[in-house]
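**Q** Take a look at the letters that make up each chain.
2 protein chains.
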Amino acid sequence: MTRVVVLGGGFGGAFTAARLRDRFRADPSVEISLVNRENYFVFQPMLPEVAAGSIEPSQIANPLRRMLKGVRFYASDVASVDVAAKQVAIYAGEGKHLRQLPYDHLVVALGTVVDLSSLPGLAEHSLTLKNIGDAFYLRNHVIGCLEQADIEDDEAHRRSLTTFVVVGGGFSGVETIGELQEMVSLVLPHYRSLRREDVRFVLVHSQERILPEVVPGLGAFAADELRSRGIEIMLDVKCKAATAEHVFLSNDVAIPTRTLISTVGNAPNPLLKTLPCRKERGRLVTDATLKVPEHDGLWALGDCAAVPSPDGRTYAPTAQNAIRQAVMCADNIVTAVRGNGLPKPFVFNALGKLASLGGRSAVAEILGVKVKGFVAWWLWRTIYLMKLPGFERRIRVALDWTLDLIFQRNIVQLKVFRTEKVDRAHYEPGEAIITQGEIGDRFYIIEKGRVEVARVSNGGPELRLATLGPGEYFGEVALMRDLARTATVRALEPTDVISLGRGDFAAFAQNLSLLKASVEETLGKRLPSEGAA
Amino acid sequence: MTRVVVLGGGFGGAFTAARLRDRFRADPSVEISLVNRENYFVFQPMLPEVAAGSIEPSQIANPLRRMLKGVRFYASDVASVDVAAKQVAIYAGEGKHLRQLPYDHLVVALGTVVDLSSLPGLAEHSLTLKNIGDAFYLRNHVIGCLEQADIEDDEAHRRSLTTFVVVGGGFSGVETIGELQEMVSLVLPHYRSLRREDVRFVLVHSQERILPEVVPGLGAFAADELRSRGIEIMLDVKCKAATAEHVFLSNDVAIPTRTLISTVGNAPNPLLKTLPCRKERGRLVTDATLKVPEHDGLWALGDCAAVPSPDGRTYAPTAQNAIRQAVMCADNIVTAVRGNGLPKPFVFNALGKLASLGGRSAVAEILGVKVKGFVAWWLWRTIYLMKLPGFERRIRVALDWTLDLIFQRNIVQLKVFRTEKVDRAHYEPGEAIITQGEIGDRFYIIEKGRVEVARVSNGGPELRLATLGPGEYFGEVALMRDLARTATVRALEPTDVISLGRGDFAAFAQNLSLLKASVEETLGKRLPSEGAA
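First to last, the protein sequences are chains G and B. 34 is the number of the first residue of the first sequence in our numbering; add one for each residue after it. 34 is the number of the first residue of the second sequence in our numbering; add one for each residue after it.
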C-alpha cells in the first residue's frame with residue numbers, strides 16, 4: 034500500500050489531490066488523503082464579490098469531499114510533521130487527541146496565513162479577506178456601519194462610521210475597495226439620513242502606483258477609474274498603527290474610521306517553522322521538480338513553497354502557478370511511485386492577469402494583450418466562471434450574477450456571532466470535565482456545585498487529590514506548562530462552570546496581576562511532583 | 034405631526050407598519066417608525082429548511098428598509114418605554130447613548146424570546162431555532178459533527194457525535210427533526226467511515242401525541258412517517274437536564290449526544306415586565322380592538338399580546354393571527370388618528386395548519402380538510418412561497434428549491450465564529466478608552482502602556498485622579514453599580530488592553546473569588562463620593 038498525504042485544501046492541495054486521484058484511479062494499492070481545517074475549497078479570487086454581496090458565501094465554497102470523491106478527507110488541523118518517521122499528526126476527538134497518518138509521499142501545500150503583529154493595533158482592529166468567514170463578516174460589518182450611522186446624531190461619529198479604508202493597492206486591495214464602493218453606492222438610498230458626500234473610501238498603498246503586478250498603463254487606468262467613482266488613493270503612504278476609531282498613516286494623517294481592511298501581511302504557515310528543511314523567506318525551498326531536497330517523499334508547492342524559475346528567481350504566489358504546480362507535482366509523484374522515468378521540472382509562463390474594479394469595470398492582461406473597462410469586466414466574469422470548480426457552482430454563480438443584474442443588492446445584516454464570550458457549561462454528577470492524559474485547551478472556574486480532582490500515577494489506582502467548590506478554579510496546569518491533563522476533574526454534584534479557551538486564559542493570566550500571582554502560587558502546589566502524568 | 038412608533042419587526046410589527054404606510058400614504062402629517070434589533074424581517078416558518086440547507090439563510094430574510102419604504106427604520110434595541118411621557122428610548126452610538134422617540138401611538142409587537150433557565154444546562158448546551166443566526170449555526174454544527182465523527186476512532190464518542198435529539202413535538206420540533214434527518218441521510222454517503230445505522234435521531238415530547246395543534250389522525254400520520262424514516266419518538270417524556278455530552282430525560286434515560294435542539298421555552302420579551310400594564314402569563318392584555326386599556330395610544334398584538342377571542346380565551350400565538358391583527362390594529366389606529374368612527378374588534382378563524390416532515394412529505398389541515406404526504410408537501414411549499422413577502426425573495430426561494438431537486442445538498446461547513454473570546458484593543462496617546470457620562474458596557478485590563486483616569490465634577494475643570502499601568506484594570510464601576518461612566522480613561526502612551534463585555538465580566542467577577550474581592554475593594558476607593566457623575 035502506498036500512502037500519499039496532501040496537507041492543505043487550497044488551489045495547490047486540492048488540485049494535487051484531484052490529479053493524483055485521476056492518475057491512480059485504476060490502482061487500489063495507492064491511498065490518497067487530504068487534510069484541511071475547513072471542509073471546503075474556497076475560490077479566493079471571488080472573495081471581494083462575496084464581501085460586496087453580489088454572490089452568496091456558500092457559492093464559492095466547494096465541499097472537498099464532493100470535489101475529491103475517492104480521496105480520504107480529514108477536516109482537521111495538522112499538529113506536527115515528523116519527516117524522519119514519515120508521519121503527520123492531526124487533531125481528533127475535538128482537539129483532545131492526536132491521530133497519526135503515516136505517509137510514503139507528503140505534499141505540503143499549506144498556503145499562507147495573515148500576520149499583522151508587526152504594526153500596533155492592526156491585528157485587533159483591521160479586517161482581512163482571506164476566507165469565506167472574513168468575507169461574510171466584512172459584508173455584515175459594512176451594512177452594520179450604515180445602520181449605526183443612520184441613527185447617529187453626532188456628525189463626527191457618523192462620518193467615521195461611513196469611512197472605509199483599505200490598506201494595500203495590489204489585486205486584492207483594488208478589487209475589495211472597488212466592489213465595496215459599488216455595494217455602498219447601490220444600497221445608500223435606503224438610508225435616509227446618509228448623504229452621498231458623507232461616505233468616504235480611501236485606498237492606502239505603499240508604492241508609487243497601484244496594481245504593481247500589471248503594466249503601468251493598466252494600473253493608471255484602474256486608478257483613474259477608482260478616482261472617478263470618488264475613491265481617494267494615497268500613494269507612497271504606509272499604515273503605522275490602528276485603533277478602534279482611527280488609522281494612523283506614515284504621512285502623519287489619522288483617518289477616523291470604524292472599517293480598516295488590511296490586504297497586506299501574508300506570512301508562511303507557522304507549521305513550516307517546525308520542519309527541518311531549508312527555507313527562503315519562510316517558504317520551503319524545493320528543486321525544479323517540486324521535491325524538497327534531502328527528505329524522502331517530501332514535496333511542496335503553491336504559496337508556501339519557493340520553487341526556482343528558469344530566470345533564477347522563484348515563482349510568484351498566484352493561483353495560476355499553484356494549479357500548474359499541482360498537476361506537475363502529482364505527475365512527478367506518479368512517476369516516483371511507479372518507478373518509470375524521471376520527474377519533470379516545473380516551467381510555466383503566466384497566461385494573464387485580471388482585476389475587477391467593481392461597477393462593471395476591470396483591467397486585464399491576457400497573453401500580452403491589454404484590455405480595460407466593460408470588456409475586461411466581461412472577460413473577468415467569463416474566465417472566472419469557467420475556472421470555478423464544479424458544474425453546479427458555475428450554474429449557481431451564473432444565476433446569482435444574473436439576478437444581481439435584475440434585482441437590488443441585499444442589505445440584510447446577518448449577526449451570527451455569539452455576543453457573550455465566556456463559555457458556560459453544566460455537568461451532572463459523575464461526568465468528567467477534564468480527563469487525565471488528554472490535550473488541555475480550557476481553563477475552568479466553578480460557579481455552582483462541587484468537583485473532585487483525581488489522578489492515576491504510574492498505573493496505580495485512581496486517588497482523589499482534592500475537592501473544589503464555587504469560586505475555585507482548575508485546568509491551568511496543562512495550559513501553563515503545555516502538558517497533557519495531569520488529573521481528571523469530575524462533577525460530584527450538578528455543577529456549573531465558566532470556562533476560557535487557551536488564548537483567552539493566557540491574556541488574563543499574564544495580564545491581570547492578581548490572577549497571575551494566584552495561578553502561579555496554585556501551580557506550584559498542583560504540579561505532580563513526578564513530572565507530567 | 035402624528036407619530037406612530039412600532040416596536041418589533043416580526044409578522045406583527047412589520048405588517049402593522051406596512052399597512053399604516055399604505056393607509057397614510059397620502060398624508061404627510063403622519064410619521065411611521067419601526068424599531069427592530071435586526072435590519073431584516075425573517076420568515077420564521079422556513080427556518081427548518083435553512084437549518085437543513087435546502088434554502089440559503091439570506092433568502093428568508095427580507096430587509097425591513099426595502100419592505101417598508103416610507104417607514105423610518107431604526108436598527109436598535111429598545112432600552113425602555115415611558116407610557117406616561119409617551120416616549121421610547123432606543124440605543125444609539127453603538128450602545129453608548131440613548132435616543133428618545135416620542136410617540137402618539139405605540140404598537141408593541143415584540144414577540145417572544147427563548148428562556149431555558151428553568152432546566153439545568155439547557156441554556157448552555159441546547160441549540161434553538163428562533164432566528165437566522167440559529168439556523169445558520171445549527172446547520173454548520175450538524176455538518177461539523179459529521180466531520181468530527183468521520184475522524185473519530187472511539188466508537189462511543191463517534192455515536193454521540195451522530196446522535197441528534199430534538200425536544201418538543203410541536204410544529205417547530207417536528208419540522209426540524211424531519212428536515213435534519215433528510216439532510217443527514219442525503220449527505221451521509223460522503224462520510225466514508227460513518228454507517229447509516231450509526232446515526233440516531235430522537236424526538237422527545239412531553240405529551241401523549243406529537244403535533245397537538247392538529248387533529249389526532251394527522252398527528253398519527255406524521256408520527257408513522259417519521260418512524261418509518263428511523264426517527265425515534267419518545268412520548269410523555271420531559272427533558273430534565275443537559276450537559277455537553279448527554280441529555281437527561283424524565284424516564285431516567287441519559288442519551289449521549291452533542292446536538293440537543295430545544296424548541297420549547299418561549300417566554301415574553303423581558304421589556305414587557307417594565308410596563309405598568311396588566312399582563313396574562315407575561316403577555317400584555319388588550320381589549321378586542323387591540324388597545325391596551327388605561328394607556329393612551331398604546332396598542333399590542335402578536336405573540337406578546339393576550340388578545341381576547343369570542344370564546345372567552347385568547348388567540349394562539351401564530352403567524353396567521355399576528356398578520357390579521359396587524360391589519361386590524363393599523364386600521365384602528367387610522368380611525369383613531371382621523372377621529373372618524375369606532376375601532377373594530379378582532380375576530381378571526383384560523384384558515385389552516387401546515388407542517389412539513391422533510392423527505393417531501395407534510396401534513397395539512399386547510400379550511401377543515403385534512404391532507405397528508407406528498408400532496409400536503411406540495412401545498413405547503415406553494416402556500417409558503419406565496420406568503421413570502423417580496424417578489425424577489427419568491428423567485429430566489431423557488432430557484433433554490435428547483436436547484437435542490439436537481440443538485441446535491443451542500444455540505445460546506447462555514448465557521449464564521451471568532452474563536453478567541455477576549456477582545457483586545459489598541460489605543461494611541463490621547464484617545465479615550467471610556468468617556469465620562471456614557472453608558473458603560475465593558476471592563477478593561479491594561480496589557481501594555483499607561484492611561485490616565487480623569488473626572489469633571491459639578492461642571493468644574495477636568496481633574497486627573499490616577500494613572501494606571503500594566504496589570505491594572507478599570508471600567509468596573511459602571512458595570513457593578515449600573516451607572517454611566519463616572520470618569521474618562523485616556524491613553525497616555527500607545528496602549529494595549531484586553532476587555533470583557535458586561536455578561537462576561539459578571540461571570541468572572543461574581544465567581545472567581547479572588548477577582549471578586551479585589552474588585553469590591555477597588556470599587557470602594559473609586560466610587561465618586563458625591564454619587565454618580
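Hint data in this document are derived by calculation from the structure and do not stem from the laboratory. One thing to keep in mind: the hints can contain errors.
It does not matter which identical chain is meant; a pair holds if it fits inside one copy or across any two.
To be verified - Listed next, the in silico BS3-like pairs over lysine-lysine satisfying Cα-Cα at most 25 Å (straight line):
#: 1; residue 1: LYS273; residue 2: LYS481
#: 2; residue 1: LYS273; residue 2: LYS312
#: 3; residue 1: LYS481; residue 2: LYS271
#: 4; residue 1: LYS377; residue 2: LYS558
#: 5; residue 1: LYS119; residue 2: LYS386
#: 6; residue 1: LYS163; residue 2: LYS386
#: 7; residue 1: LYS306; residue 2: LYS324
#: 8; residue 1: LYS273; residue 2: LYS129
#: 9; residue 1: LYS386; residue 2: LYS405
#: 10; residue 1: LYS377; residue 2: LYS324
#: 11; residue 1: LYS312; residue 2: LYS420
#: 12; residue 1: LYS386; residue 2: LYS420
#: 13; residue 1: LYS306; residue 2: LYS386
**Q** Does each hint fit the structure? Answer for all of them.
**A** Tested hints:
1. LYS273 x LYS481: Between copies only: 18 Å across chains, 47 Å inside a chain, cut-off 25 Å.
2. LYS273 x LYS312: neither (29 Å within a copy, 57 Å between copies)
3. LYS481 x LYS271: Only across copies: LYS481 and LYS271 sit 24 Å apart there, 52 Å inside one copy, limit 25 Å.
4. LYS377 x LYS558: Answer is neither: 60 Å inside a copy and 75 Å across each miss the 25 Å cutoff.
5. LYS119 x LYS386: The answer is neither: 39 Å in one copy and 61 Å across copies each exceed 25 Å.
6. LYS163 x LYS386: within (19 Å within a copy, 46 Å between copies)
7. LYS306 x LYS324: within (18 Å within a copy, 69 Å between copies)
8. LYS273 x LYS129: neither (40 Å within a copy, 28 Å between copies)
9. LYS386 x LYS405: Classified as within; 12 Å inside a copy, 57 Å across copies.
10. LYS377 x LYS324: within (11 Å within a copy, 82 Å between copies)
11. LYS312 x LYS420: Classified as neither; 31 Å inside a copy, 61 Å across copies.
12. LYS386 x LYS420: Answer is within: at 14 Å inside a copy they meet the 25 Å cutoff, but 46 Å across does not.
13. LYS306 x LYS386: Answer is neither; intra-copy 31 Å and inter-copy 61 Å both fail.
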